[in-house]
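Residue numbers (our numbering), protein chains in the order written: chain A, 79 to 369; chain B, 201 to 589.
Calculated from the structure, these hints are not laboratory results.
Note that CB positions come from ideal geometry on N, CA and C, so glycine has one too.
There's no promise every hint is true.
To be verified - Cross-link-like lysine-lysine pairs, in silico, BS3-like; alpha carbons within 27 Å at most:
{"hint": "1", "chain 1": "B", "residue 1": "K344", "chain 2": "A", "residue 2": "K224"}
{"hint": "2", "chain 1": "A", "residue 1": "K224", "chain 2": "B", "residue 2": "K280"}
{"hint": "3", "chain 1": "A", "residue 1": "K224", "chain 2": "B", "residue 2": "K394"}
Said to hold, decoys possible - Beta-carbon label-pair distances, calculated as ranges:
{"hint": "4", "chain 1": "B", "residue 1": "R329", "chain 2": "A", "residue 2": "T125", "range": "17 to 23 Å"}
{"hint": "5", "chain 1": "A", "residue 1": "L218", "chain 2": "B", "residue 2": "E290", "range": "45 to 51 Å"}
{"hint": "6", "chain 1": "B", "residue 1": "K289", "chain 2": "A", "residue 2": "A354", "range": "42 to 48 Å"}
{"hint": "7", "chain 1": "A", "residue 1": "G126", "chain 2": "B", "residue 2": "E290", "range": "30 to 36 Å"}
{"hint": "8", "chain 1": "B", "residue 1": "K289", "chain 2": "A", "residue 2": "D151", "range": "35 to 41 Å"}
{"hint": "9", "chain 1": "B", "residue 1": "S349", "chain 2": "A", "residue 2": "D215", "range": "57 to 63 Å"}
{"hint": "10", "chain 1": "B", "residue 1": "E437", "chain 2": "A", "residue 2": "L218", "range": "40 to 46 Å"}
{"hint": "11", "chain 1": "A", "residue 1": "E134", "chain 2": "B", "residue 2": "K289", "range": "35 to 41 Å"}
{"hint": "12", "chain 1": "A", "residue 1": "F198", "chain 2": "B", "residue 2": "E290", "range": "23 to 29 Å"}
Unchecked claim - Covered stretches of chain A (in silico footprint by chain B; criterion: 3 or more residues with CB under 8 Å from a CB of chain B, positions within the stretch not fixed):
{"hint": "13", "segment": "91-99"}
{"hint": "14", "segment": "212-221"}
{"hint": "15", "segment": "320-330"}
{"hint": "16", "segment": "338-348"}
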Amino acid sequence: MAGTARSGRRSRAFTPYLLVLPAVAYLAVFFVVPMWSLLRTSLSENTGSVFLPTLEFNWNFTNYTDAFSDFHDQIVRSFVYGGLATLICLVLAYPLAYVIAFKSGRYKNFLLGLVIVPFFVTFLVRTLAWKTILADDGWLVDVLGKVGMLPSEGRLLSTSWAVVGGLVYNFLPFMVLPLYVSLEKLDPRLIEAARDLYSGSWRAFRKVILPLSMPGVLAGSLLVFIPAAGDFINAQYLGGTQNTMIGNVIEKQFLVVKDYPAAAALSFVLMALILAAVLAYTWALGTEDLV
Amino acid sequence: MAGNHPTRPVPYLSRRRFLGRGAAGAAAVVLGPSLLAACGGDDDSASSGGGGGENSGGKNLRISNWPFYIADGFVASFQKASGLKVSYKEDFNDNEEWFAKVKDSLKAGQDIGTDLVVPSEFMAARLIRLGWLDKLDDSKLPNKANLRSDLLDSTADAKREHSLPYMSGMVGLAYNRKATGRDITSIDDLWDPKFKGRVTLFSDQQDGLGMIMQSLGDDPANPTEEAVQKAADKVAEEKDKGQIRRFTGNDYADDLASGNTAIAQAYSGDVVQLAADNPDLNFIVPESGGTTFVDVMVIPTTTRNKAGAEEWMNYVYDRANYAKLIVAVQYVPVLTDMTDELTKLDPDVAKNPLVNPPAATLDKLAIWPSLSDEDEAKYTTIYADVTGE
């Protein structure tokens, strides 16, 4: 009797590991193996024929130094655009998430639905639609021109503003949703308590609401910044010749120049820099919880 | 797509279809070649099910061509005439991306899902060098006699043993008269500060740099690394000034028609079609010259129906059939003596100088020679550094 009980307990102890096995296997095959091969490629050299090169692995670190020296403009630009887009998303999304969480009453689900609605249209079509809206002969340029608010180029399309705008638009829901979740969880009695202790509404916000929503700010920022810094669709369709991002460079290196080691090295540089930025940001916000 | 390296223009269609095509192309970029190759693999197995799968024929023929590069009803009438069942796919969007997708299969001798493809000539030359194309059987191609003699002898494929031209066209400048306010005649107009930020160039190296080299006194027919570098430097200089709005593929037509750009590097056939809706659009070959492109029909060694593919080529090379294609796509015919057949179908097309260029225009056109792998890769890299995408 005791024996069966123990083995039953043991098999139960095993169950969680069995349950994660599919996910682990999936990640091993589709994440770890490709990452490993990408890492090897980034340290290899193209040899042999030009169009059917064989990759020779020889710790070729020049791929990395070349990646920095040839494309530092695009690297810096990607981080500036990604950072700006994240900041604008945060400024736009916080009040929105706040209103949905605390003030929307029975319209809460309806408003949340509206935030998600753009997802029903594919990323690409949304971006192409922006081309029409920002067109030189469009009404938006016309109106901004009349009130003297056009950027120095005298147009919107093919400028950095269009690229950052497109990034903000496409990634805004990723900021709103985590912020909403962390604000929604917040116990309203804590705000009442702050008021009871003679906090003004600004002080209550600063001392109670904002610190408690930090996990949402962090999660939203990561969800916006990481894909935005690596994005190439917005720069391709909304940007001009001086707004290319690192994603565009990687795409061109892979598909046109066919320098796979350079493209792989650039991918790792992007990954490492994003990771560093994320860690610094997490540390600065002083929270490790996501939502 | 952009960023990418598209060479072939498509006749301008309704905005909806144009958008859809752009979306499909960009989706292809997003998904990446490997995933697309995987999708292609599925297609093969589906279509080869009834194909018999033997090299010696069968009743199925699979063709891959550029989008909108065919006339309505053309495939149906070929099917009727030949008794073959054709699976016609418009899945050839970009030479380099197509190559990236199929090279491993062709190297291993595995089916790539098509029996006949229509790459640009430089790509066909690369495939010939790699030994990946079947030799054509002239006894099955009596209509090959209709081919223009200047195209029969080519540095890419002497005597046309492995490839037959499908369409030819001019690479020049298109401009929107309403936006420029004057007629455009030269590359100097392209660099006029008045059009700052309203000019687009091709991202493709040969189509983009050819006419720039000519404006600097160099000849794309005899390219050197210095000449290519000099032209690329000129483009870089204008890019840094903010003169160039975008480096484009097929999508230049959209910006030009909507008035976002004033002058664009363009393909002749597109502009014939665009001008039908928008009479302000004009196409010119710059005073210093432009280039010609040729797209060719080839049969990969992995074909499952070589005889059927040759039957298709011969059918295309019949003047009456070919006239239908020209009227639909409005490029320059690769066959001789097309005027009568074209006049029968549409006298306007027969008279159009962009379909039937006068000698004075032809004299200004240069054609890139077949380059060695090393040179081709070198030039591509030089220009890719400028286009920076």
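Cross-check of the supplied hints:
no.	hint	result
1	B:K344 / A:K224	violated (62 Å)
2	A:K224 / B:K280	violated (61 Å)
3	A:K224 / B:K394	holds (21 Å)
4	B:R329 / A:T125: 17 to 23 Å	holds (18 Å)
5	A:L218 / B:E290: 45 to 51 Å	violated (34 Å)
6	B:K289 / A:A354: 42 to 48 Å	holds (45 Å)
7	A:G126 / B:E290: 30 to 36 Å	holds (34 Å)
8	B:K289 / A:D151: 35 to 41 Å	holds (40 Å)
9	B:S349 / A:D215: 57 to 63 Å	violated (47 Å)
10	B:E437 / A:L218: 40 to 46 Å	violated (32 Å)
11	A:E134 / B:K289: 35 to 41 Å	holds (37 Å)
12	A:F198 / B:E290: 23 to 29 Å	holds (28 Å)
13	91-99	violated (count 0)
14	212-221	holds (count 3)
15	320-330	holds (count 6)
16	338-348	violated (count 0)
Violated hints, in rising order: 1, 2, 5, 9, 10, 13, 16; the structure is consistent with all others.
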